[in-house]
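As a plain string of letters, each chain reads:
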Amino acid sequence: MKKINYIIISVLFSLLFIVLYLSLGNEKIYNTQDLVGKKISEVEINLFQSNETFNTKELTNNEFTILNFWASWCGPCRKEHPNLVRLSKIKNLKLIGVNFKDEKDNARNFLRENGNPFDILAEDKNGKNSVNFGVYGIPETILIDSKLKILKKYIGPLNINDVNEIRKIVKK
Amino acid sequence: MLSNLGILFTIGTLFTSLFIIFFTFKEFKVVNNLIPSKIYKFTLFQLFFSISSFFVLLLAYILSDFSLVNVYENSHSNKPLFYKISGTWGNHEGSLLLWINILVLFSSLFLFLTKNNDKSFKVLTLLFQNLLITTFLIFLLTNSNPFSGLFPVPLEGLGLNPILQDPALAIHPPLLYVGFVGSSIYFSAALAALISKIDSQSFAVSIKSWVLVSWFFQTVGILVGSIWAYYELGWGGYWFWDPVENSSLMPWFVMTALLHSILVLERRIGLYSWVIVLSILTFTMSVTGTFLVRSGILNSVHTFASDPSRGLFILSFLVLMVFSSIFIFFKFSPKEDKKYSIFSKEAFIIANNWFMIFFLGVVLIGTLYPVLLDTITGSKISVGPPYYNLILAPFLIPLLFLMTSGPNYKWISNEIRSLFNLVLVLSVTLFLITFFFIKENNFLINLILFFSIYLITQTLFDFYESFKKKNINISRIISHLGFGLLIFFIYINHIFSVENNFNLKLGETKKTDYYTIKFVNLEEQSIKNYKSIIGYFNVSNKKNFTSKELKPEIRVYDKPFTITYEASINSNLFSDTYLTMSNISDTDVFNIKFQVKPFMNLIWLSVLLLSLGGVLNFFKRKKR
Chain U
0 MKKINYIIIS
10 VLFSLLFIVL
20 YLSLGNEKIY
30 NTQDLVGKKI
40 SEVEINLFQS
50 NETFNTKELT
60 NNEFTILNFW
70 ASWCGPCRKE
80 HPNLVRLSKI
90 KNLKLIGVNF
100 KDEKDNARNF
110 LRENGNPFDI
120 LAEDKNGKNS
130 VNFGVYGIPE
140 TILIDSKLKI
150 LKKYIGPLNI
160 NDVNEIRKIV
170 KK
Chain R
0 MLSNLGILFT
10 IGTLFTSLFI
20 IFFTFKEFKV
30 VNNLIPSKIY
40 KFTLFQLFFS
50 ISSFFVLLLA
60 YILSDFSLVN
70 VYENSHSNKP
80 LFYKISGTWG
90 NHEGSLLLWI
100 NILVLFSSLF
110 LFLTKNNDKS
120 FKVLTLLFQN
130 LLITTFLIFL
140 LTNSNPFSGL
150 FPVPLEGLGL
160 NPILQDPALA
170 IHPPLLYVGF
180 VGSSIYFSAA
190 LAALISKIDS
200 QSFAVSIKSW
210 VLVSWFFQTV
220 GILVGSIWAY
230 YELGWGGYWF
240 WDPVENSSLM
250 PWFVMTALLH
260 SILVLERRIG
270 LYSWVIVLSI
280 LTFTMSVTGT
290 FLVRSGILNS
300 VHTFASDPSR
310 GLFILSFLVL
320 MVFSSIFIFF
330 KFSPKEDKKY
340 SIFSKEAFII
350 ANNWFMIFFL
360 GVVLIGTLYP
370 VLLDTITGSK
380 ISVGPPYYNL
390 ILAPFLIPLL
400 FLMTSGPNYK
410 WISNEIRSLF
420 NLVLVLSVTL
430 FLITFFFIKE
440 NNFLINLILF
450 FSIYLITQTL
460 FDFYESFKKK
470 NINISRIISH
480 LGFGLLIFFI
490 YINHIFSVEN
500 NFNLKLGETK
510 KTDYYTIKFV
520 NLEEQSIKNY
530 KSIIGYFNVS
540 NKKNFTSKEL
550 KPEIRVYDKP
560 FTITYEASIN
570 SNLFSDTYLT
580 MSNISDTDVF
590 NIKFQVKPFM
600 NLIWLSVLLL
610 SLGGVLNFFK
620 RKKR
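First to last, the sequence lines map onto chains U and R.
In case it helps, numbering that gives the first Met the number 0 puts the first sequence at residues 0 to 171.
In case it helps, numbering that gives the first Met the number 0 puts the second sequence at residues 0 to 623.
Keep in mind the hints are simulated off the structure, nothing from the lab.
Glycine included, C-beta positions come from ideal geometry on N, C-alpha and C.
Heads up, a few of these hints could be off.
[Claimed, not checked] Cross-link-like lysine to any residue pairs, in silico, SDA-like; alpha carbons within 25 Å at most: (1) U:Lys100 - R:Phe18; (2) U:Lys103 - R:Lys196; (3) R:Lys592 - R:Lys338; (4) R:Lys196 - U:Pro116; (5) R:Lys330 - U:Ile8; (6) R:Lys509 - U:Glu102; (7) U:Lys100 - U:Gly114; (8) U:Lys88 - U:Asp161; (9) U:Lys2 - R:Asn540; (10) R:Lys517 - R:Phe544; (11) U:Lys1 - R:Lys338; (12) U:Lys1 - R:Glu523; (13) U:Lys171 - U:Pro116; (14) U:Lys2 - R:Ile325; (15) U:Lys1 - R:Tyr339; (16) U:Lys1 - R:Pro333; (17) U:Lys100 - R:Glu507; (18) R:Lys330 - U:Lys171; (19) R:Lys334 - U:Met0; (20) R:Lys504 - R:Glu552; (21) R:Lys338 - R:Leu319; (22) R:Lys330 - U:Leu14; (23) U:Lys152 - R:Gly377; (24) R:Lys330 - R:Val361; (25) U:Lys152 - U:Val35; (26) R:Lys40 - R:Ile61; (27) R:Lys504 - R:Glu523; (28) R:Lys510 - R:Glu498; (29) U:Lys1 - R:Leu319; (30) U:Lys100 - R:Leu363; (31) U:Lys167 - U:Val130.
[What the hints assert, rightly or not] So these bits of chain R aren't anywhere near chain U, every CB distance computed over 12 Å: (32) Leu108; (33) Val212; (34) Leu248; (35) Lys330; (36) Pro369; (37) Thr374; (38) Gly506.
The task is simple: from the sequences and hints, build the whole structure.
Below you can see the structure in the form of structure tokens.
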């Protein structure tokens with residue numbers, strides 16, 4: 000009996016320790032990069048200029064779509080904006096801007112000053128819809144194809160290398 | 000300079016530990032009753048080196064010596080002296096040094112103070128304790144050296160996380176460390192007892208004081224941590240079942256069980272193996288908690304920078320410790336075939352132990368399950384308060400009942416006592432009066448309230464009875480009373496807490512059911528190492544027409560840049576009015592969290608009472 004107890008206890012502890020050992024190598028920080036390759040979830044968002052809504056299903060009509068989450072109060076968004084304007088010139092790429100937790104007037108002024116690169120402008124007043132896209136900070140940009148599959152995800156402001164990378168992907 | 004000196008002292012500690020291991024190993028087989036004086040001498044040297052190394056680090060913090068990486072990363076010359084000092088243990092490396100100091104301190108205190116004359120027991124305890132010390136010293140020197148130098152020496156440090164710049168938090172870690180690192184000494188003693196085969200009673204007597212000391216510090220440490228969370232985190236709660244909080248609670252359950260089992264062992268009634276298992280388990284739980292916190296495998300408000308190599312070391316240590324303990328236990332465990340009569344004090348204590356182990360199991364599973372699931376299946380879940388409340392609450396009822404009835408049973412007896420007595424009648428009456436005021440519908444909560452009242456009444460009655468007989472077990476009475484009051488106030492607080500969240504602009508007023516909250520003024524102040532935005536609020540109670548001024552703060556620290564929200568609490572014995580404000584970016588609107596929390600101070604006092612019982616017991620033993 001003593002021997003059996005000895006073996007059972009030892010085996011249980013061994014199993015526990017093996018799992019704890021494996022958990023050491025695990026990624027602990029919440030990371031949305033693993034969403035790449037997955038389909039975006041179906042989300043209904045309010046449009047910025049009207050009271051109508053927009054469903055992400057409609058994006059299947061576009062060959063490629065960029066979803067950009069931005070706000071007028073966000074400094075890095077101002078910095079990346081010229082790069083969004085650059086992207087807006089690519090023909091088979093549509094840009095959807097999601098204005099995040101912002102005041103309408105401020106957002107309008109922002110676009111008036113920096114140019115409006117967006118084909119569709121939506122808003123997420125309380126930030127709840129953006130969560131469905133796996134966004135946890137702004138600016139964030141998601142590139143999807145016509146099957147709504149996420150091809151790329153950029154956390155933080157887009158730089159010129161990102162623009163070139165997107166150009167390459169879209170050209171193929 | 001300080002860097003070299005610190006390393007020198009640490010190496011000095013390491014060498015003396017190795018000498019002690021060598022001599023104690025040689026000595027435990029020598030049959031006589033004399034511990035050679037060199038063991039005492041080396042222990043004194045070890046204590047000197049160890050404390051000196053800690054003082055060197057402390058000095059480096061006080062002098063803001065940024066030639067030490069550790070000081071550079073965790074301090075700043077503008078910081079108030081108090082927080083420079085507490086910065087010493089506010090980080091992984093410094094706290095590890097504190098760990099080692101406590102291990103060494105307990106080792107020497109055990110050698111000098113324990114009156115047990117069994118030489119091999121004493122020497123072996125020292126051997127095991129020094130094995131622990133050596134392992135941690137190697138870890139410190141190779142992986143987490145607080146004395147690592149930095150060149151060129153930076154002019155300024157990076158600062159201490161502002162959330163840690165708080166008096167309660169400055170003393171919270173050292174208290175907890177004394178608690179759970181202190182448990183190392185009865186871990187070592189338990190292994191030594193197995194090998195040296197000392198009799199159960201002298202083992203119980205030699206470890207009881209240590210268990211009491213560590214239990215007391217653990218209890219107070221948890222209390223201070225809760226108080227800190229209550230006013231600093233700004234959520235108005237005091238216990239969040241956060242994995243790191245759980246890590247401090249798990250050893251507490253085992254210590255509490257141990258404290259009670261020792262009572263049985265002291266009287267030679269039995270439980271020798273069980274007390275040994277608990278002694279081993281307490282320190283194992285402490286190291287497991289340390290592993291969970293320091294390896295970074297848990298997400299929690301307790302932010303220790305995570306480092307897998309650190310985790311790997313502690314895990315290897317834990318594996319070694321657990322398997323050697325299991326091996327020693329099964330090889331040397333004493334034979335026991337005791338039968339306990341159901342209606343005896345020891346039976347109640349055993350039942351109490353099983354409840355403690357059950358609570359430990361629930362908290363352990365709740366803490367580890369998300370980690371295991373994430374590792375095995377990759378899915379992320381979090382286990383929160385609903386799980387703990389659902390599983391633990393019902394079991395409070397039998398526990399409270401056992402605490403009420405158990406102490407009045409006699410040792411080794413089988414005398415059945417009638418439950419129907421004056422105390423029960425009085426408790427029912429008191430409960431009905433309480434019920435009349437609270438009108439709570441939840442059956443379970445009512446039951447818990449009734450049984451806590453029953454415990455409180457019975458304990459007060461016991462006090463009166465034993466006072467008459469002039470034979471007072473005051474420590475038990477105080478502790479059990481504290482626990483009864485704690486549970487009672489926690490539930491009353493839960494029932495009557497009010498919380499309102501709303502947005503306000505300066506000058507606006509918000510009316511809730513019972514309160515009117517006016518945002519009167521906003522002021523900016525510059526203080527030594529932060530900027531403060533203070534809101535002035537007038538809170539008036541519509542019922543009794545009293546009004547209070549509350550001044551919550553938003554603090555912007557620059558080194559490192561952090562924003563903290565300081566709650567403003569108007570506190571009296573019966574109720575706390577609690578207000579926090581946070582700004583909403585780029586607007587002049589502030590988000591206000593307004594709470595009224597009854598009996599918070601009585602919750603803290605109950606825990607103090609609970610721990611006071613431990614102190615009284617300690618001094619009672621010394622007097623004897």
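Hints and how they fare:
1. U:Lys100 - R:Phe18: Violated. Lys100 (chain U) to Phe18 (chain R) sits at ~65 Å, over the 25 Å cutoff.
2. U:Lys103 - R:Lys196: 79 Å, violated
3. R:Lys592 - R:Lys338: Roughly 57 Å separates the two Cα atoms, so the pair is violated.
4. R:Lys196 - U:Pro116: Distance ~82 Å between Lys196 (chain R) and Pro116 (chain U) Cα, so the pair is violated.
5. R:Lys330 - U:Ile8: 14 Å, holds
6. R:Lys509 - U:Glu102: 23 Å, holds
7. U:Lys100 - U:Gly114: This hinted pair holds, its Cα atoms lying about 20 Å apart.
8. U:Lys88 - U:Asp161: Given pair Lys88 (chain U), Asp161 (chain U) holds - Cα atoms ~15 Å apart, limit 25 Å.
9. U:Lys2 - R:Asn540: 68 Å, violated
10. R:Lys517 - R:Phe544: Measuring from Cα to Cα gives roughly 14 Å; hence the hint holds.
11. U:Lys1 - R:Lys338: 19 Å, holds
12. U:Lys1 - R:Glu523: Roughly 70 Å between the alpha carbons, so the hint for Lys1 (chain U) and Glu523 (chain R) is violated.
13. U:Lys171 - U:Pro116: The hint holds at about 23 Å.
14. U:Lys2 - R:Ile325: Status holds; Cα separation ~12 Å.
15. U:Lys1 - R:Tyr339: 22 Å, holds
16. U:Lys1 - R:Pro333: 12 Å, holds
17. U:Lys100 - R:Glu507: Distance ~23 Å between Lys100 (chain U) and Glu507 (chain R) Cα, so the pair holds.
18. R:Lys330 - U:Lys171: Answer violated: Lys330 (chain R) to Lys171 (chain U) is near 70 Å, above 25 Å.
19. R:Lys334 - U:Met0: Holds, at roughly 13 Å.
20. R:Lys504 - R:Glu552: 15 Å, holds
21. R:Lys338 - R:Leu319: 34 Å, violated
22. R:Lys330 - U:Leu14: Judged against 25 Å, a Cα distance of about 22 Å means the pair holds.
23. U:Lys152 - R:Gly377: Between Lys152 (chain U) and Gly377 (chain R) the Cα gap is close to 21 Å, so the pair holds against 25 Å.
24. R:Lys330 - R:Val361: Violated, at about 30 Å.
25. U:Lys152 - U:Val35: 7 Å, holds
26. R:Lys40 - R:Ile61: Status violated; Cα separation ~31 Å.
27. R:Lys504 - R:Glu523: 16 Å, holds
28. R:Lys510 - R:Glu498: 13 Å, holds
29. U:Lys1 - R:Leu319: Judged against 25 Å, a Cα distance of about 21 Å means the pair holds.
30. U:Lys100 - R:Leu363: Violated - the C-alpha atoms of Leu363 (chain R) and Lys100 (chain U) are around 40 Å apart, more than 25 Å.
31. U:Lys167 - U:Val130: 28 Å, violated
32. Leu108: Per Cβ check, Leu108 (chain R) is outside 12 Å of chain U; nearest 31 Å; holds.
33. Val212: 29 Å, holds
34. Leu248: Holds: least Cβ distance 19 Å, greater than 12 Å.
35. Lys330: 9 Å, violated
36. Pro369: 10 Å, violated
37. Thr374: 4 Å, violated
38. Gly506: 20 Å, holds
Violation of the numbered hints given earlier is confined to hints 1, 2, 3, 4, 9, 12, 18, 21, 24, 26, 30, 31, 35, 36, 37; the remaining hints are satisfied by the structure.
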